[in-house]
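4 protein chains.
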Amino acid sequence: MDTIERLTSLFQRFPGIGPRQAQRFVQFLLRSSPSVRKELVEAVQSLGASVKQCPQCMRFSSGGGKTCSMCSNPERNSKLLAVVATDADIAAMERGGSYRGSYFVLGGTISLASEKTNNLRTKQLLDSLPARIKAGLQEIILAFPANPEGDATAIQVREKLMEIVSPSLVITALGRGLSTGSELEYADPETIKSALDSRR
Amino acid sequence: MDTIERLTSLFQRFPGIGPRQAQRFVQFLLRSSPSVRKELVEAVQSLGASVKQCPQCMRFSSGGGKTCSMCSNPERNSKLLAVVATDADIAAMERGGSYRGSYFVLGGTISLASEKTNNLRTKQLLDSLPARIKAGLQEIILAFPANPEGDATAIQVREKLMEIVSPSLVITALGRGLSTGSELEYADPETIKSALDSRR
Amino acid sequence: MDTIERLTSLFQRFPGIGPRQAQRFVQFLLRSSPSVRKELVEAVQSLGASVKQCPQCMRFSSGGGKTCSMCSNPERNSKLLAVVATDADIAAMERGGSYRGSYFVLGGTISLASEKTNNLRTKQLLDSLPARIKAGLQEIILAFPANPEGDATAIQVREKLMEIVSPSLVITALGRGLSTGSELEYADPETIKSALDSRR
Amino acid sequence: MDTIERLTSLFQRFPGIGPRQAQRFVQFLLRSSPSVRKELVEAVQSLGASVKQCPQCMRFSSGGGKTCSMCSNPERNSKLLAVVATDADIAAMERGGSYRGSYFVLGGTISLASEKTNNLRTKQLLDSLPARIKAGLQEIILAFPANPEGDATAIQVREKLMEIVSPSLVITALGRGLSTGSELEYADPETIKSALDSRR
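Line order of the protein sequences matches chains C, E, U and L.
Using the working numbering, count along the first sequence one by one with no gaps and you end on 659.
Using the working numbering, count along the second sequence one by one with no gaps and you end on 659.
Using the working numbering, count along the third sequence one by one with no gaps and you end on 659.
Using the working numbering, count along the fourth sequence one by one with no gaps and you end on 659.
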């Protein structure tokens with residue numbers, strides 16, 4: 460396999476990238492100046508070197524400290540802990556703009572199609588709770604996607620949490636309902652039902 | 460203008476129908492048997508004759524009684540009144556399956572683009588309240604679309620209701636949050652914010 | 460079944476219309492003035508009365524003559540005959556703007572999924588040829604869709620034509636190739652092959 | 460800017476990649492094993508080293524010879540030369556399966572929006588012709604996209620070719636018409652016109 464084919468097949472492993480777009484990426488790099496390719500090489504190389512997983516929230520970030528910039532930020536509210544599936548969900552929560560608590564990245568959701576457990580970090584979450592409770596934790600927000608995988612994950616995590624958490628700790632989940640911009644007329648029955656249940 | 464063109468231009472006035480599909484409708488009717496066309500003619504004719512607007516909820520329905528089959532159904536819960544924009548929203552709420560209260564069709568939402576008031580039936584809603592309260596009404600649910608028009612309508616209707624309703628009457632709105640099937644990662648900031656606010 | 464449901468189910472038989480849009484059509488007619496409904500009723504009624512199928516090209520049109528306005532137009536070129544699947548294809552050919560010959564509507568294409576013959580008017584086409592040849596016909600253009608059904612229809616019609624037509628009559632088919640606006644990169648292999656075969 | 464942000468912004472320069480997908484690429488690489496990142500780094504590095512532009516057809520390929528594997532393949536037909544805009548168009552032509560001639564990559568099309576000339580390799584094409592004609596070239600096929608940019612490019616290239624080519628050299632262009640799978644009814648007027656012009 461020559462270099463072009465090898466790089467094409469590597470790009471095909473990227474999420475959401477098929478053979479055509481992988482080819483286009485290679486053509487783009489071929490037409491780019493050597494300095495662009497060099498920048499890319501260096502950035503990928505330094506991912507392994509400078510980026511590490513925060514031992515507290517498990518998200519990836521580059522930064523010198525023992526924990527990531529969010530976990531070590533004293534202005535983040537340690538009473539709230541949002542458990543999310545992926546790093547990208549943290550970005551989504553931050554775009555929401557109103558959440559100022561801390562996070563824990565579970566590493567995915569339960570896969571209903573396969574029997575894989577997806578290596579969720581439920582144990583790490585549980586192990587981290589005593590220290591968090593000591594630091595003032597009052598509420599764990601299960602912030603999983605509103606789909607069957609997210610729901611199954613929420614059920615499993617909630618059960619595990621129930622076994623050990625103190626009664627003073629509240630476990631909540633993100634609200635379901637009409638998403639911004641949606642019309643009643645096109646909403647699915649489940650969403651209508653949730654919107655009614657969560658009316659206020 | 461010949462018959463084909465005339466019927467084509469009539470179908471173009473139907474919601475969501477452009478010239479091509481209007482032509483296809485006419486071709487469909489041309490290829491259909493005379494009995495299909497006759498059925499259509501009779502059904503449209505009887506719309507005017509047998510369908511009437513229910514004087515209580517304002518939705519259109521055919522049926523002999525003074526009020527529609529829902530309004531006259533003693534098993535519907537008269538403690539709850541959902542105010543919706545259109546007849547189609549009643550259908551959506553019913554698909555949800557969990558609502559058993561009564562309805563009032565406002566007739567649309569405030570149009571933010573134009574200055575039209577859209578002839579909303581706010582006055583009829585207000586006029587109907589004393590009788591509804593006497594019949595046990597405890598909660599009015601504003602069930603408008605989750606968009607700026609729906610929000611503006613909710614604000615206006617809520618204000619009008621505030622002026623006259625008794626303190627025992629609760630005014631709620633459908634919950635906002637993640638709609639069923641949606642992923643955090645792709646949710647807009649407003650929806651994330653709502654989902655956090657309505658967590659439970 | 461009440462009137463609203465009956466009309467909704469009638470509209471669901473219209474091409475491309477599902478239950479939701481059928482409901483919207485009914486709501487549209489309910490909100491329309493009685494005069495709009497009356498216009499619709501009259502237009503549908505007069506379809507049966509004033510529209511007839513032209514005995515020469517088989518398309519539907521309203522008009523007093525023995526044949527339709529196209530077939531009786533002396534300025535249309537009688538040397539060319541385009542055989543199309545449907546009335547809508549005549550409209551598409553006319554939008555093209557360059558064709559000034561005559562038409563014959565076959566009434567559909569061979570269905571490859573079912574075993575239905577679709578009642579194609581191949582026999583009527585063949586029967587009409589002697590008179591057309593006498594009137595100067597020199598070329599029959601098979602103008603079917605560029606899909607397997609259209610191709611199968613072209614093969615069958617061509618075979619039937621071959622059996623009887625005079626050697627002076629040319630049988631052609633619409634050209635295949637890149638459609639306007641398309642890029643090579645995204646074109647399917649068949650289209651690329653056709654575009655190469657029909658290069659000039 | 461930290462490493463994650465830097466790599467994200469590099470991926471955003473890739474064709475068709477927005478901020479969200481760029482983030483997803485970075486997360487993918489973070490979750491991947493070091494060996495995957497190493498493979499990517501090596502493949503990108505060897506692009507610059509082992510891939511070169513063929514001096515004859517101007518496409519990028521890796522391979523030891525003076526010209527690329529296609530140009531040096533004695534089984535490719537040297538009577539035919541397809542002039543294409545990009546390397547990806549060669550891949551499309553090859554998927555077509557029926558072309559066995561040689562190629563020349565012009566490097567893009569004329570940009571109608573901007574005044575950029577896009578550095579097309581028209582001069583290189585012209586310079587290569589004497590040798591190609593000596594080797595038996597009989598036909599140059601302009602294989603540009605079927606859009607205004609492609610058409611403008613074809614006009615310009617054809618003019619330049621006309622000035623110098625021998626009368627024995629035929630200049631053709633890919634055929635236009637119905638693309639495979641398309642229906643007459645939805646075809647645009649230009650395509651219908653081309654399909655009629657190229658009927659056969």
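No wet-lab data here; the hints were simulated from the structure.
It is possible that part of the hints are untrue.
You can't tell identical chains apart in this list, so a pair holds if it fits in one copy or across any two.
Pairs of lysine to any residue, SDA-like flavour, derived with a Cα cap of 20 Å [what the hints assert, rightly or not]:
#1 LYS652 <-> THR581
#2 LYS497 <-> ASP647
#3 LYS538 <-> TYR558
#4 LYS497 <-> LEU469
#5 LYS511 <-> ARG580
#6 LYS582 <-> LEU628
#7 LYS525 <-> SER505
#8 LYS497 <-> PHE519
#9 LYS538 <-> PHE519
#10 LYS652 <-> GLY640
#11 LYS497 <-> SER531
#12 LYS538 <-> GLU644
All of these numbers come straight from a predicted model, not from anything done at the bench.
These are the hints, each one checked on the structure:
1. Taking CA atoms no more than 20 Å apart as the test, LYS652 paired with THR581 passes in neither setting, with 30 Å inside one copy and 26 Å between copies.
2. For the homomeric pair LYS497 and ASP647, neither the shortest alpha-carbon distance inside one copy (49 Å) nor that between copies (35 Å) is at most 20 Å.
3. Taking identical chains as interchangeable, the C-alpha atoms of LYS538 and TYR558 lie at most 20 Å apart only when both belong to the same chain, with a minimum of 12 Å there against 36 Å between chains.
4. For the identical chains of this complex, LYS497 and LEU469 are neighbours both inside a copy (18 Å) and across copies (11 Å), given an alpha-carbon limit of 20 Å.
5. Proximity of LYS511 and ARG580 under a CA criterion of 20 Å is satisfied intra-copy only: 16 Å inside one chain copy versus 47 Å between copies.
6. In this homomeric assembly, LYS582 and LEU628 come within 20 Å of each other (Cα to Cα) only inside a single copy, at 18 Å, whereas the closest approach across copies is 48 Å.
7. Only within a single protomer do LYS525 and SER505 lie at most 20 Å apart by alpha-carbon distance; the minimum there is 18 Å, versus 36 Å between protomers.
8. Only between protomers do LYS497 and PHE519 lie at most 20 Å apart by alpha-carbon distance; the minimum there is 19 Å, versus 23 Å within a single protomer.
9. Taking the closest pair of Cα atoms, LYS538 and PHE519 never come within 20 Å of each other, the shortest separation being 22 Å inside a single copy and 52 Å across copies.
10. Taking the closest pair of Cα atoms, LYS652 and GLY640 come within 20 Å of each other both inside a single copy (17 Å) and across two copies (14 Å).
11. Proximity of LYS497 to SER531 under the C-alpha cut-off of 20 Å is found in neither arrangement, the shortest distances being 33 Å within a copy and 31 Å between copies.
12. Neither within a single protomer nor between protomers do LYS538 and GLU644 lie at most 20 Å apart by alpha-carbon distance, with minima of 39 Å and 24 Å respectively.
Hint compliance for this structure: hints 1, 2, 9, 11 and 12 are broken, all remaining hints hold.
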